[in-house]
Every structure is written in structure tokens, then in C-alpha cells.
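Engineer: Residue numbers (the working numbering), protein chains in the order written: chain A, -11 to 374; chain B, -11 to 374; chain C, -11 to 374; chain D, -11 to 374.
Since the hints were derived computationally from the structure, they do not count as laboratory data.
Incorrect hints may have been included.
Copies of one chain are not kept apart here, so a pair can be met inside one copy or by any two copies together.
[Unchecked claim] Straight-line distance between alpha carbons at most 27 Å, and here's what the computed DSS-like set of lysine-lysine pairs gives:
(1) K305 with K336
(2) K221 with K336
(3) K221 with K264
(4) K54 with K22
(5) K(-10) with K22
(6) K264 with K224
(7) K336 with K83
(8) K218 with K264
(9) K22 with K305
Protein chains: 4
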Amino acid sequence: MKTIGIGLVGSGFMGRCHANAYSSVAGIFDVPLKPVLKMLADANLEMAEAAAQSLQFENFTSDWQKLVDHPEVELVDITAPNHLHAPIALAAIAKGKPVYCEKPLACTLAEAKAMRDAATSAGVATLVGYNYLQNPMIQTAREIVQSGEIGELLSFRGVHAEDFMADAQAPYTTRLDAGQGGGALYDIGSHIISLARFLVGPISEVMGMQRTVYPERPEAAKHSKISGSKRMKTVKVDDQTHFLARFENGCCGTLEANWLAWGRKMNLAFELNGSKGTLVFTQEHFNELRLYQANQQPGRDGFKILEAGPNHGTYAKFCPAPGHQLGFNELKIIEVFQILHALGASGKSWPDFHEAYEIQKILVAVNNSAKESRWCSLDEIDSPSP
Amino acid sequence: MKTIGIGLVGSGFMGRCHANAYSSVAGIFDVPLKPVLKMLADANLEMAEAAAQSLQFENFTSDWQKLVDHPEVELVDITAPNHLHAPIALAAIAKGKPVYCEKPLACTLAEAKAMRDAATSAGVATLVGYNYLQNPMIQTAREIVQSGEIGELLSFRGVHAEDFMADAQAPYTTRLDAGQGGGALYDIGSHIISLARFLVGPISEVMGMQRTVYPERPEAAKHSKISGSKRMKTVKVDDQTHFLARFENGCCGTLEANWLAWGRKMNLAFELNGSKGTLVFTQEHFNELRLYQANQQPGRDGFKILEAGPNHGTYAKFCPAPGHQLGFNELKIIEVFQILHALGASGKSWPDFHEAYEIQKILVAVNNSAKESRWCSLDEIDSPSP
Amino acid sequence: MKTIGIGLVGSGFMGRCHANAYSSVAGIFDVPLKPVLKMLADANLEMAEAAAQSLQFENFTSDWQKLVDHPEVELVDITAPNHLHAPIALAAIAKGKPVYCEKPLACTLAEAKAMRDAATSAGVATLVGYNYLQNPMIQTAREIVQSGEIGELLSFRGVHAEDFMADAQAPYTTRLDAGQGGGALYDIGSHIISLARFLVGPISEVMGMQRTVYPERPEAAKHSKISGSKRMKTVKVDDQTHFLARFENGCCGTLEANWLAWGRKMNLAFELNGSKGTLVFTQEHFNELRLYQANQQPGRDGFKILEAGPNHGTYAKFCPAPGHQLGFNELKIIEVFQILHALGASGKSWPDFHEAYEIQKILVAVNNSAKESRWCSLDEIDSPSP
Amino acid sequence: MKTIGIGLVGSGFMGRCHANAYSSVAGIFDVPLKPVLKMLADANLEMAEAAAQSLQFENFTSDWQKLVDHPEVELVDITAPNHLHAPIALAAIAKGKPVYCEKPLACTLAEAKAMRDAATSAGVATLVGYNYLQNPMIQTAREIVQSGEIGELLSFRGVHAEDFMADAQAPYTTRLDAGQGGGALYDIGSHIISLARFLVGPISEVMGMQRTVYPERPEAAKHSKISGSKRMKTVKVDDQTHFLARFENGCCGTLEANWLAWGRKMNLAFELNGSKGTLVFTQEHFNELRLYQANQQPGRDGFKILEAGPNHGTYAKFCPAPGHQLGFNELKIIEVFQILHALGASGKSWPDFHEAYEIQKILVAVNNSAKESRWCSLDEIDSPSP
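Turn these sequences into a full structure, and let the hints steer you where they fit.
Structural biologist: Written out as C-alpha cells, the structure is:
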């Protein structure tokens, strides 16, 4: 089988998750290319070496440029902090190499645009890690929408709520760094926006409201000595964002990004009402999808609970029997298959840098709208030419 | 026992519901006044007579003024169409009689203000039929909020969605009449607004978005003959309203009123996140309340499902054992008890015309805001002096 | 309207519940007879007087025989302790009066048989308070079964679990008195048995297992003084019963009665699998019924959640709109309507003493089977001629 | 890192699942031995070759004895049909090689005993694929039970219900072959029995009831030509088994195995009531566990929904954040880690052949008991010496 050399930048939560997906994908899918873990880059040599060993990469480096340049690295996979997405991706594209990058695409719209344009010019395949879209039940939801089973789309209520920053004493991290595109909207809101676009379509205008509930957070203690007297660091990004959205097809909705929602561990959820039916979903039970179809027999009508099975998306690749359930990591395996399939066969992957740029425009529009207390059209949003 | 003569205007869904509540209340609660069903008024004499007989009223009339004037009618209960709320209530207040009125209070803010002011001047007790607030689990939710159990309030996501107008061919009714304060926002949105105020407190500003999805509806066929060629009637009110809200205490939220939500029969629902916990509720399971408390034992933390029982609100009056569940009609019995208790003992009932006027201001603010595509402060909203 | 004089024996939880149902029934249903609360009997005159006043009965007595004999008492309603069911019912039947009696029918099978036979001979209508059967969703379940929608019945898993005796220190009550037919099986197991018969049909044989987990319980303190030194009383009845059942139609199942199930407030629940579909129900959400139909479209198949509405049983009498939900007390209103309807119109009520006797036979069979560690056929069970 | 050569027999659903687990385990866990996929055996050379290629094994064979004998095969993994478990396992043990075998252990108790005894004599590590026990939430349930958090165990209601044989026309497979230990009880009932033992402890006696609902099934069509005229094959095994169980610690319960339960895709479920609390679980939401603790604050008591997170079992190895959820295949990865950990470090794996033999005894006892319509003590069950 033909192989493809993988260069992975970053070895945190997502880095490990990607690495494991490469190891597993060929057992699940009929891949056109077999991934070979060529090189891992991390912040310093020690980390890189340890990660390379644990994740079974052939080489390691503390200089991502070397990884990009390495002749056997044929796919550059970026799970580094957000501010590094643009420089690494641009360097890779400059070498004509395809890029698989974690979300959000970039810290600023200008960066995102440059990345999109460079990818287009170079004609390289790209993929961005909005992994929840790869869920067979979300693929089924899209199929239901596209086939007209629930009719014209009328109302969308979406939310991504978690509680990992709900404790006022949760320490400052780079997720809180405005310069890195931080905040609840960028970090988790981008997921529900990606879902809204995937299912409902393009958004035409937004009206946002944002709040920084905890304007300072304790610095993460680097040395145990000073942990007693915590130093506080100012937070400028949103802890919660709510916004109204109008879609191009007329559908209206509310969206919310919230990392202060006590008790919510992974409430990426939506309800989508159409003129002929309704879909309800939450990532809390992501192997299910609820469907209500208009015009059922009276007295026997109700929401149906669809359970993931071989008739849904790529589920059958994982298991021949219904109801066994996929896990979060397996959504990443599907994602990795998408990029391999694009590179080895179809040439198309999704969501690519184009799509991620459109999502990024919405993030900017919501921020602008909230700041200026007015509706913001997506037409207004475009980066100045780089 | 002292009695109180009831005059009921209207005998539709709500009229019957009120009448039954008067029959039942004394068996459930220790009422200070025993209601006596004195007189029923309806649109014409035939309807009034039939309803009086079926609901066991002593007298009937087709002229609500006679009911108001009747010396033995000591409480005027209004379940007539919205545009009659104001004239009947004002007439009753003019006679010094207390008023129990269905929601929304009035068709216009000017009417609502006049009703509120008249009641204040006359010093009569009033109650408005926001019955979902009377639910023991909602009373418990408020208790949890007021006691600080979930801390400072941060985010509220509220919705009232049903599907009774979801069929594009559902016929035109007075609920669709703009002159009568119709539309999804007034009709059902007022419920979730009443709940938001009850739990979170006053709203300071709103930003609305509204849509009339079906701009015409078939006229209700009066004669079977012409049912083949339906005549269409123009609809000007909203089928769905979404809005952002800022509360005076800083809490931020989204609210939605939607009567096109296929499959939703009674989805009056909210999630309320505080700095120390979360409450989740839906009227679809209204004998339950979900509570997450911060700082639970690691590995043993989770949302708790509280089931209604004798420790919650007035539940014990209905049943000594937990988990047996109240029905919708029983919320109305609690409501009727509120007004009897006010009249015979405490002097205080809630939500009264003051509260209903505050809710009405929000309805107006949302409409204005949607029309003008801008944030609307509640401070702006006030009726011109009548 | 014709009236019927009600004589009620007992004014505890169930007595109050019945009295309230009489007050409410005429507002909900088109009753052929209007109930008039004639006389209430209780253990002593003080209790009887207080209850009569609170529940609005015309007369009261401490001697139930007087109530039975009273010429204006036309229906004898028994909510007295179990050991009084037989003598009161037999006395009423001797007077040719219909009887509405709480469950279980009697303490012993001989009593139950005598009651059934007397009612048959006298030709009086009877009704027994297995109120959960009156639920519109249970009526719908039966309709689904009877119409063949789920095909041949194959497996039934039923349970009635609560936690009101789960605390080892919960005091001794008459529910624990073997002489009064006490124990979890008689007290709550009779409900799930009534449901099994209603939905699946006659049981042919059973195999039981029983356990008295707490063989003694503290006596209920009568005087606060001695509460410090609790006296213990021996318990002989079952705290939990599990049994296998074979139905006449071949369906097989397990049933459980358990009052030690911490956290369960009203878990009367079943799953019924047929050759063409499945029904799932729990009284914890008793306004819902889950239905799975075989041969749904692949990829769109799932359990449907039916929500109670006007298309289900008598729901429409309570509310014209779906999803508003009935409460426990309203199941009793439906039950009261059944007996009024039988007396004033149809002549038929259900479940009557015949049915209740069949249920009682199963209770005996399960007890025998558990005691003797063997399958017990229902054919074996018959009372000696009285 | 030290490696271990894997020899896998079988490449069906479970074979693929095991192979993928070997590929993934080292990325998730700190394994003491790195698995190397040495050899795959299957029914014929073509199948073996294709599977070896797709699952990335170095060698292949159609003769499992060669696999067992191969010097580089250091762990024999058996996912072959049930009747091959014993000969392969015994051959492997004879070579002193550890065995990882799918459930149920064997077709007959004699075989199972021989396997257990051989493993003991040879001192080799063994593991049997009762993978649902490896679920972090089941590990948490056991922790809760063992720590006494829910007190003394009183009642267990367990079920494993699916619908893969619910269609009367579902074709005959080896799962229906009595000679291979087929039937719902062996095939899926063994899972709920393994769970009952894991959580509650040893069972002392059982009372079973079994039914073959469909006594013949169409033969699987081998050639499309004859599909019109299906030939039927007689079925002798149970389609559904219900049984009562007494545990050694006094706990009582009902268990059910049922592959005719329309709508149930993976309903491996239980409720376990203790003297201080209750646990409720279903594999339908296997990343959750419901816990009710006695003595909660009145009015704030309820079942808690625990969501899988880093505080539960081995979850943290898969994901640092809670609520992301594991999939079915990941339970197999945990299982594979167990055997690697046993071989490379602890020497102990669980459930081993000893445990699987105990489970097998219960299968036999239930069958005997059902056949003879009597309680069957586990003491009675022992295989004749081989």
C-alpha cells in the first residue's frame, strides 16, 4: 500500500488524539494511503523526544520548520497553540504540502484569509478539526435536511456549553489570551457555528452579546513555592457569548457559547425546526438523534430516538451491529480518514480552509456586533488584503 | 365558612379550567373563602346557558357588564378574548371588585397600564394567569435561586415552543390578530418571560428578531360547503421570536417563542447557570427539576433529578407521597388558591397586574427592538398617559 | 341531572382523593349521575366530623353500618383499612348497593371470593381502585396490544418499586400486618399485576421468591415521651418479591414488587415485547408511552415517545391541547367517572370484583410458590367454599 | 520496549475488533509489552490472507495449530466460533502460552472446566472477553458497591435485550446451534450474568424459564438462486430466558436474556438497590451511571447522573476532559491492556478462565432449572472429571 509521511506539531490533548487516530485508521477504513508517523515537533527537545517515543514517531524536533522541510513529511498536522497555526500552515503550503489543522483556524481573520488564499493558490488539500461534524449522526442529520425530510428550515437553537472554566479560581491559560483568539466563542462557540453552517447553511447576519464574568484569573502556579499567594492575571475575552443569527435561507436562530455552565461537560446541542419536522441533538448522547416527522398517524406520533447503527454515516466501518456506540476519539479517526481519502483518492476534504475561514468570519462578526451593539452583516466582514 | 361569589367571563379552554379549579380548590387547600359559582358570561345567551349548566354556575348572561354589576359577584374572572380584558377589568375595578385575569394582560401597553393603575388606585387584589409559575418545582427553583444555592446568576436560556401552528394550513384564529396582541411572542413567549423574571429578576434591555413564516392562513371554515375553496387571510404577527436579554443583575440570556416547532407540545424550558450551580427544567417533565451543585465529590458529581414531593411548594396539599405528580389543571387550582388566599387572608397575590404590566413592557420592547433592529432598553418603554 | 348519594368510609390519603374526585368529576366528564357527598364514616366521631367538614359531606358517623344503611347513600365507597373491605362491602351488597373499593380487594382469598360472589348474586356494580389502569396512556397501550400493532406478545418485564420503606427505621404500619394482607406484594405488587393482566392477559402459573429484609421495625411512637427508647415489632411480610410468570397466551415475564428501592418514588414500569414491536412505560413519566414498531425505514427507525394528548383515552376531557399532562389525582377522577358511568349508563365498570379476585389469586399463588419453592399454577388457587 | 507476538484466530466482528485494539493500545496506555501482530488464522487460506493483509498481520494460516505452534506467537487470541475455543485454548496452554478468549468460554461445562484446570496447572494467564466489565462506569459501580456507599445489597434486576433475532425470518446462524452452546442465554445472557457477579457477587441458586419462540428459522441462502424457496432449519435453543437468582450475600434478583426485544439494540441494563442507595445503568448510555444516595437533604434529593470522566476507571487514559465519551471499541482496548498488563507486569488479569467457568456454571444451572422446573443450586453444578 502507498504510504504517507506524517509530521505532527504539538503533543497535547489533540496531538495525542491525532497520533492515535493515525495508528487506528487503517484497521477501520480502507485507506488509500497508510500513514507513517515520521516526525513530531514540540516546544522543546525534551518534550518532543518523550512524545515521539510515546506516540511512536520516527523522528522529533523542537523546530517546526525542520518538520515542514523534512522531505519525508508529506502531510503537516498542526495541533500547536492557535498563534502558530498560520506560520506553520503557510510554511507547509509554501512547500506544496497539504495541511490538517486544529480549530479555530487562526487568531485573526487576516491570518485565516492568508491561509485560505495560500492553500487555494498552491492547490493543496486542507482539513480543519471540527471533528463533531464527522459524527455519523450529524452526517445523518445533514442527510435528513438535504433530502427535504424536515422541509424548509425555520428555527435553529444551538449551544456549546461546558463547565471547565466555571470555577472562578480556574487558572489563566492560553485559551484566555485575546491575542491568540481566545475566549468561549472562539474556543467552543466555533464548534456550534460549524454545526449551524453544516446543517442550516450560510449565516447572513448576527447580533451578539458577550460578557467576561471573571475579569481576572489566578496565574497557573509554575513553582509550588508561590502557590500560596496567587498572582492574578487580567482576562479580556468572553466567558459567555449569546447571539442571534439570520441564515441566508431565512432560518432564524440563537446560538450560545458558554464555558461557565456548571454541570455541562460536553453540551454541544441543537434543535432545528423545519416546516415538516424537527431534529434534536446533544453531544451528551451523541450516538442518538431525535427526529419528529410531521403528519404521523394521530395518537401514534412522537419524537423518534434514532440510535447510531450501520445505516448511519461511517458507523458500519467501526461495528457491524447497531447501538454499540462510537467514542469521541473515533470521531477523530473519521476525520483522519477524510484527509487521507482526499489525498489518496477524492481530492476533496471537508471542512477545509475555505469553510474554516467562513466560520472565522462569523466569530469576527459576533465580536464586532457585540462590541458595537448592532447587527453585523457577514458581507461587512472581510480581511484587508494581506 | 365564608364564601365568595365568582363571576366568570368566558367558557373556552381556560374558562372550563378555572371553573373546575373553583370546584376542586376547597378539597385540596384550606381556603379562607369558599368559592360559589354565581354567574357565567359568554358571547351569546345560548353559549352562556349551556356553559353555566355544564360548569354548574347559578346564573348566566351574554352581557359581561351585568356580571360585573351583579351584587353577588365578588370576584371577576376574565377568560374572554384578549381585547376584552381591559374593558371588563376596568369595569370590575370601578366597582371595587378584585380581578383574576388570563394572560397576556392586555392587547396594548396603554390598556395594561390603565388596568394596573386602576387596580392600584382602587386597592383591589389582582391575579394574572401565568399558571406555570405556580408549579411546586418552579417555586423550588426560585427558592434555590433566592437562597443563593446556585450563586450569582450568569446565563439564562429560555424557550416556549409548541407546534400548534406548525402546519401551514392551520386556520387563522384570534391568536393571529395583531389588534388583539396576537403572535407567538404574546401568546406563549409571555410565559417564558414571566418565568425569566420570576427566577432571574428584571430585564434591563432586549434585542429581538421576529419572523412571520406563514404570511397568510386559511380562514376557519364556517360552513362545510365552502371548505373546498379556502379563502386566505393575511397574518401580521410573529410565528417565531428570538431575543437576547440583559438582566439588571448582569445575567445574560436568549429567549425564544415559537409555535412552529414540530413535535413540541409544551416545551416551556430553561437552563439557568449560576456561579455555584445550574438548574434545568422543561414543562415536558414538569414534576422534575434538575440541579447541579458545584463542588460535589469528584467522581460522584452530576446533575440531580429532583422529583416533585411534599418538600416542594404546595405539592403536599395534593398528595402526601412523593413522585405521584401534579397535572396541568392542578397548577390552575394552585393559582385559584392564590387569589382566594389574597382575598381572604394575606391581601397579596402574585403575579398581579403590576407584574403583568412589567411582562407586557418586555413584549413591547422585544417587538420594538425587532422592528427597529436595535437594542431596546426597558426604560424606554412606558405607555403615554391614558 | 339525576344525582347519586355517596357514602365514603375512610378519610386518609385515598379517602380525600376520592372525595376530591367526586367534587371534580362533573366539571370534566359528562356524568349521567351527579355525585352528592352524603355521609362520611371514620374510625371515631371526631375524625369523622372533621373530615366531613373539610371534605364537604352532609353527614358523618363513626359506625360504617349506619352509612351502609342510610337510605340516601346509593354508592358505598371503601377506603378503610384492608381488613374492613370485606365486611363493609358484603353489608353494602346485602343492601343491593354498588361498591367502589380500594385495592387490594381483601386480606384473604376467601374474603375476596365471598365479595365477588355476593356482588354477582346481587347483580350490583363494583369497581376496585387500580387507578393506574385508568391512565390514558395505559388505555392506549392496551389499544395498541389489542389491535395487534405489536403482534403476538412474547416478553413482559414489570416492576413496582418505591422507597417508602427503604429506611430500616421506617416505623411499623398496618401495611406490614400479615393479617391484613400486608407486604410489598399486596400493597404495590398488586398494581403491576393488574397492569400485566390488563395488557397481556391471564397468568397461568407463577414462581415466586420473597424476602423480609428488615424482620423488625420500630413501633410508631404514639407519645413523644417514649420516642427515645423505640420498641421493635416483628415483621412477617415481604419487603421485596420477585417472580416469574407464564401467561396463558405464551408470553413469559418477570415481575417485582419492592418497597426498599432507594430513589424510586413511583416506579411502576414495564417493557412489553411483541413479535412486531415493543412498548415501554414508567409511571415516573406517566404522560408518555414509548413505542417501537418493527419494519420502520432503515436509518430512520427508533423508539417513538408518544406524549399524552386528545387522541389518547379520556385525555381530551381534561384538556383540548396535547402535552399539558394529567396528574395522579386525575386518574382517580377517571376512575370515579367509570363507576358513575356504569351506574347511570353502561352497567359495566372495570376492574370490578371479578377482576380484583383474579388479581388476588395471583397474590396468593406467588406467596404459595415462594413459600414452597415451586411453580404454582393459578388453577390450584381457589378459595374453599365460604 | 519489550514486545509480544500476537496470534489471532478468527477475523469476524470480534477478530477485527481485537486486531484494532492491539494497534491502538500503546497510544492510550503505558503498556509493558508492545503487541506485534504475528499471525492470523482463519477458516481457509484465502480468508486468512485477506484478513492478515487488511489487519496488518505478518503471517497467516488456515491451520490454527500452526499458529499455536509458531515460536513467535506469544499470546493466543481466540475469536473463532465457540466450538473451537476449547481445542485451541488447550493446545495453547499445552505450549505454555497465555490465552485471551472470547465469551462464552466454551460450549459445554466439561470443556470449560478442562480449560480452567489446564490454565491453572500450566500457570498461564488467561482473559475472557466480557468486555462490558471494562467500562470505567462499571468499574465505578463496583467501587461504589465495594466501598459500602450503597450499603448491603438487596435487589438486582438485570437484563440483556437486543433485537437482532426479533424478525421471525432472521436466518439460522451458529448462534442458534445448541451444540455450540447457542441461544440467547449463552450469547447475551452471559454478559448480564458476568455483570451480576462482578457487582453483586456469587449466585447461590437460580430458577429459570426459557422459551424458543421461533422453533424454525430459514437457512441462510448461500446461492441467490434458491432464495425464493427458503428451507427451514429447526431451532432448539432459547430465544428468551428469564430467571430468578439468589446471591450468596442474600441479595435477590431477576435476570433476563432476550434477543427478540424489538427496538433494543444494546440494552444491557441493571438496577441494584442497596440498604443505603441505588445504582442504575444501561449500556444504551454507557458513559453514564445513575446513583441515588440515601439521606440527602430533603427537597434536594434525587438520582444523580454521573458522566464518565477522568475520575472514573481508566477514562483519563483516553481523554483528559470529562463527558467526551468512550465507544464500544475502546472497551476492547481496555481489555487488551488488561492482558498485556497481566503478562508484562501484574501477572493478574480479570475475568480469567476461573471466573468464566463460574459464569458457565450459572448458564448450565439456568438451563437445568428451566428444563426441570425447579430451583437449581450452583453447588449441584460441576462437570464430571474429564
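Engineer: With reference to the structure, classify each hint as holding or not holding.
Structural biologist: We went through each hint and held it up to the structure:
Proximity of K305 and K336 under a CA criterion of 27 Å is satisfied intra-copy only: 20 Å inside one chain copy versus 33 Å between copies. Proximity of K221 and K336 under a CA criterion of 27 Å is satisfied in neither setting, with 43 Å inside one chain copy and 49 Å between copies. For the homomeric pair K221 and K264, the shortest alpha-carbon distance between copies (22 Å) is at most 27 Å, but the shortest distance inside one copy (51 Å) is not. Taking the closest pair of Cα atoms, K54 and K22 come within 27 Å of each other only inside a single copy of the chain (23 Å); across copies the shortest separation is 29 Å, beyond that limit.
Proximity of K(-10) to K22 under the C-alpha cut-off of 27 Å is found in both arrangements, the shortest distances being 6 Å within a copy and 25 Å between copies. Taking the shortest Cα distances, K264 and K224 sit within 27 Å of each other only across copies (22 Å), while inside one copy they are farther apart (43 Å). With identical chains, the CA atoms of K336 and K83 are at most 27 Å apart within one copy only, with a shortest distance of 20 Å there and 51 Å across copies. For a Cα distance limit of 27 Å, the shortest separation of K218 from K264 across copies, 21 Å, qualifies, whereas the shortest one inside one copy, 56 Å, does not.
When the C-alpha separation of K22 and K305 is checked against a cutoff of 27 Å, the pair qualifies both within a copy, at 17 Å, and between copies, at 25 Å.
The structure does not agree with numbered hint 2 stated previously, though it agrees with all others.
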